[in-house]
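Top line first, the protein sequences correspond to chains Z and E.
Going by UniProt numbering, the letters in the first sequence line up with residues 1 to 351, in that order.
Going by UniProt numbering, the letters in the second sequence line up with residues 1 to 171, in that order.
It should be emphasised that the hints constitute simulated quantities derived from the structure, not laboratory data.
Some clues are possibly wrong.
Here are the computed lysine-lysine pairs in the DSSO-like style, where the Cα-Cα straight-line distance is at most 30 Å [what the hints assert, rightly or not]:
1. Z:K77 to Z:K128
2. Z:K340 to Z:K128
3. Z:K299 to Z:K83
4. Z:K299 to E:K46
5. E:K137 to Z:K299
6. Z:K83 to E:K46
Just the calculated beta-carbon pair ranges, DEER-fashion [what the hints assert, rightly or not]:
7. Z:E269 to E:T51: 47 to 57 Å
8. Z:N34 to E:T133: 19 to 29 Å
9. Z:A51 to E:T133: 16 to 26 Å
10. Z:D127 to E:I41: 31 to 41 Å
11. Z:E191 to E:T51: 37 to 47 Å
12. Z:D80 to E:L134: 28 to 38 Å
The beta carbon of each residue, even a glycine, is placed where N, CA and C say it ideally should be.
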Amino acid sequence: MYGFEAMTFNIHGGYLEAIVRGHRSSLLTAADYNNLCQCESLDDIKMHLSATEYGPYLQNEPSPLHTTTIVEKCTLKLVDEYKHMLCQATEPLSTFLEYITYGHMIDNVVLIVTGTLHERDVHELLDKCHPLGMFDSIATLAVATNMRELYRLVLVDTPLAPYFSECITSEDLDDMNIEIMRNTLYKAYLEDFNRFCQTLGGATAEIMSDLLAFEADRRAVNITINSIGTELTRDDRRKLYSNFGLLYPYGHEELAICEDIEQVRGVMEKYPPYQSIFAKVSYGESQLLDNAFYVEEVKRLCLAFEQQFHYAVFFAYIRLREQEIRNLMWISECVAQNQKSRVHDSVVFIF
Amino acid sequence: MVDSSSWSRALVQISPYTFSAIGIAISIGVSGIYITGSSLIGAAIKAPRITSKNLISVIFCEAVAIYGVIVAIILQTKLESVPASVVYDAESLRAGYAIFASGIIVGFANLVCGLCVGIIGSSCALSDAQNSTLFVKILVIEIFGSALGLFGVIVGIIMSAQATWPAAKSS
Numbered sequence: 001m002y003g004f005e006a007m008t009f010n011i012h013g014g015y016l017e018a019i020v021r022g023h024r025s026s027l028l029t030a031a032d033y034n035n036l037c038q039c040e041s042l043d044d045i046k047m048h049l050s051a052t053e054y055g056p057y058l059q060n061e062p063s064p065l066h067t068t069t070i071v072e073k074c075t076l077k078l079v080d081e082y083k084h085m086l087c088q089a090t091e092p093l094s095t096f097l098e099y100i101t102y103g104h105m106i107d108n109v110v111l112i113v114t115g116t117l118h119e120r121d122v123h124e125l126l127d128k129c130h131p132l133g134m135f136d137s138i139a140t141l142a143v144a145t146n147m148r149e150l151y152r153l154v155l156v157d158t159p160l161a162p163y164f165s166e167c168i169t170s171e172d173l174d175d176m177n178i179e180i181m182r183n184t185l186y187k188a189y190l191e192d193f194n195r196f197c198q199t200l201g202g203a204t205a206e207i208m209s210d211l212l213a214f215e216a217d218r219r220a221v222n223i224t225i226n227s228i229g230t231e232l233t234r235d236d237r238r239k240l241y242s243n244f245g246l247l248y249p250y251g252h253e254e255l256a257i258c259e260d261i262e263q264v265r266g267v268m269e270k271y272p273p274y275q276s277i278f279a280k281v282s283y284g285e286s287q288l289l290d291n292a293f294y295v296e297e298v299k300r301l302c303l304a305f306e307q308q309f310h311y312a313v314f315f316a317y318i319r320l321r322e323q324e325i326r327n328l329m330w331i332s333e334c335v336a337q338n339q340k341s342r343v344h345d346s347v348v349f350i351f
Numbered sequence: 001m002v003d004s005s006s007w008s009r010a011l012v013q014i015s016p017y018t019f020s021a022i023g024i025a026i027s028i029g030v031s032g033i034y035i036t037g038s039s040l041i042g043a044a045i046k047a048p049r050i051t052s053k054n055l056i057s058v059i060f061c062e063a064v065a066i067y068g069v070i071v072a073i074i075l076q077t078k079l080e081s082v083p084a085s086v087v088y089d090a091e092s093l094r095a096g097y098a099i100f101a102s103g104i105i106v107g108f109a110n111l112v113c114g115l116c117v118g119i120i121g122s123s124c125a126l127s128d129a130q131n132s133t134l135f136v137k138i139l140v141i142e143i144f145g146s147a148l149g150l151f152g153v154i155v156g157i158i159m160s161a162q163a164t165w166p167a168a169k170s171s
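Isolated chain E, as found in the complex (with noise of 0.2 Å):
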């Protein structure tokens, strides 16, 4: 019994304010750049007429990692101090809980959606080589591959609106 228990007192045992910062970090994510941009190196190497075309994938991969620096600022202003008695409260918890899984959401929703924007350029880049025609046909599935990171975005947003640190009740 007394095993069983160690995890969940654990999890109690450490800050809110960890889970909130781990959170912040993750949400900034990881981006899609380098798939899309080995690619479009090598096929521009043929046809060198596709690199400024080409930079649009780049850009949509790096809106991306804007989503997840936004979300981290206003995570971060989420942030307040609560007076030391209150900390492990199961108020102050559970707003420790929701930043961490706001960070989360947008972090891996804006991981799979780079990761995501960053095949299909590596693809546009290829086809673009060959065949210029094909550029702005593959470049609409890029466009609905994004809307991934903005579902991620959105959802995360709406999660930490709502968490509420207990220092202002108890005062």
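Next up, chain Z with everything else stripped away, as it sits in the complex (with noise of 0.2 Å):
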């Protein structure tokens, strides 16, 4: 029943929602920022880094680090906690924990599959992988050549095995279909978390649904940007695009006939949430719609935390873990090329 949940959600959950939310308070703040911005060198960053909670995972890093090295040990961090929650959740917040990494083995499943496809080595490409999306018999990808042994040798017995329906073709693997199929699959993905959110009702329901809309429709705008120009066809860009969010049905309509970017200015436009996103951009340029579409991902992170007893909090905090990841990516390259003039181009503050 909504609003009684907070009667019974502690008995379950109580433990939980309490360790993600001091997990919150110690991501890094703007101040953090701003030191790490004025380092010279990645020593520094590491020394401002071992003041905070990356501190342990990070002391034991040999001088010349790479911003690679740097990355690896925070997206560590992440996988420990995460980890941590889940041995201790029951059902059904240990299914909606299992539920936020599947994004993550898509996305490693799409880099195994492209890597082989441009002969690089397996071991290589699994030590890319994303930690959370680790899956057992993953490096079987590697024996694959068309969508059909996929899923029939490998995929058959992950999660992800029911999001295949769509998209089994006997065609081999190139470029073009391993992006369609990484669209097929991420849109199954979110329908399917979508439903399960729902069927959880509640606090929970509601801001999944709010956030899970904001996700698919910011995908498919990217799929409108990045397919402009190829050979994809509209109604094969109208398929990969979610059936659920603020731009269904009648923004898709649009979104599938648009031809250049201002064409998807001009649609996005008409929905006043995304007017103030696209109001930022004046020129089209497409890493700053990518931050501004990070910024106000951001924002509504935040505000899920306002709520008790629900557990959109947990994937909040994830996503803005992984924000604050790739924040400090951004540092450490911008440090290590010399370029800090462009450091605060793409750093989106949490807090």
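Combine both chains into one complex, guided by the hints.
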């Protein structure tokens, strides 16, 4: 019953919710980011980060640091926290936490398949996979040559199996098909997650449907912009859009026929929440658009913490942590390449 | 006709002692200690300083349970034995119902109060972990919540005060 979940939520979820709120208080603040942006070298960054919660993870690294090491260790911290929460969770929270990682699983699958297509070594690709999306038998993905084999050999045993019904073909995998596969899988995943959250009901359903709708709309815009000028037909493009969200169905109709960014802007400006995003991006630069979307996403994720007794705080925390890791990667890259003037282009402050 | 009155006949046939005993049992009530406790433990991992102050919330929950014990003791002093001939008289039924009702009032008021205090205590622990100036402000909300239990106790005692068994009259 909506409104009465406060009475029984703490029985199973109280401890974990309190833990995740404790983790949230350890996210880096604007002051931390300002300090990091002033750093001259990666060792300075390491020193600043050892004063934060990342200290134990970075202190054993030998001195010539690479940016990938910093990102790897920070991601390791996120994975440790996630695994701790997953161990302690009961149903349905444990299913919810697992759903959060399926997106990473999809990315990992696509990474390995693309890498194999370009003849890279499997172990090198496995190192680059996101640890939250690992599953057993991921290495055998390198063997498959078309989608049917991919499904039959490896993916049928993973949680991603139900998402494949729409994209099994016998065509050989090439770059275009892989991108289409990625987007089709992600569409099925978002719809499934949305359905699952609706069955949970209450505040979880309400907050998650808002967050997932934003995600679906963002992906629709990205798909549109990335497929302008490629051979993706309009019908194919429309099939990649999810069937929920603010843009569904009329926005999707209009987006499907867009041929350049100005038309996309014209479509999005009819929707007030997205109008403010597009107003910040005045000359169609794609990177600024990404950043504007991230800023809006962070704002919505922080709002999820305003309510108690629901599961969306877990989703919001993991997304905010990933945003923080993206920020750290950007700052480290800028510092390593001596481009400190561009640091503030892409850092999204969380607090 | 016979069927519709069978419920009322059943109620009348149940001994009023049963009702009063059930009333006493319900008056102990359920408290919200678990609701507060789980949030307190989780929040205290990152902010250990909150543990001692937030035990106040748990003490509020326990106070609610103590009200229940007090009323149970009061109610059981109201039980007297009556001779078998007058057990099902209107007077003794009334006394039994009064004690039953008093027990239910106190029990459910304590239940709701305990839940309320428990939920507020959980929010108090979480917000204290983030920002310690919020503790006293949320405690004030909790105090108002625990007044609910007190109202229940007052009404319960008033109800049971006039539960007199007819034994004294028919000797």
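Status of the hints after comparison with the structure:
At most 30 Å may separate the alpha-carbon atoms for a hinted pair to count; Z:K77 and Z:K128 meet this at roughly 16 Å. Under the criterion of a C-alpha separation no larger than 30 Å, the hint pairing Z:K340 with Z:K128 is consistent with the structure, at around 26 Å. About 26 Å separates the Cα atoms of Z:K299 and Z:K83, which keeps this hinted pair within 30 Å; it holds. Taking the CA atoms of Z:K299 and E:K46, the gap is near 24 Å; set against the 30 Å cutoff, the hint holds.
The suggested pairing of E:K137 with Z:K299 holds, with an alpha-carbon distance near 27 Å, which does not exceed 30 Å. Between Z:K83 and E:K46 the alpha-carbon distance is near 17 Å, which keeps this suggested pair within the 30 Å criterion. Range check, Z:E269 to E:T51: Cβ separation about 52 Å, and the 47 to 57 Å hint holds. Between Z:N34 and E:T133 the C-beta distance comes to about 25 Å, which sits within the given range of 19 to 29 Å.
Distance hint for Z:A51 and E:T133: a CB-CB separation of about 24 Å, consistent with the stated range 16 to 26 Å. For Z:D127 and E:I41, the hinted distance range of 31 to 41 Å is satisfied, since their beta carbons lie about 38 Å from each other. For Z:E191 and E:T51, the Cβ-Cβ distance of about 44 Å falls inside the hinted range of 37 to 47 Å, so the restraint holds. The given range of 28 to 38 Å is respected by Z:D80 and E:L134, whose C-beta atoms sit roughly 29 Å from each other.
Of the numbered hints stated above, none is contradicted by the structure.
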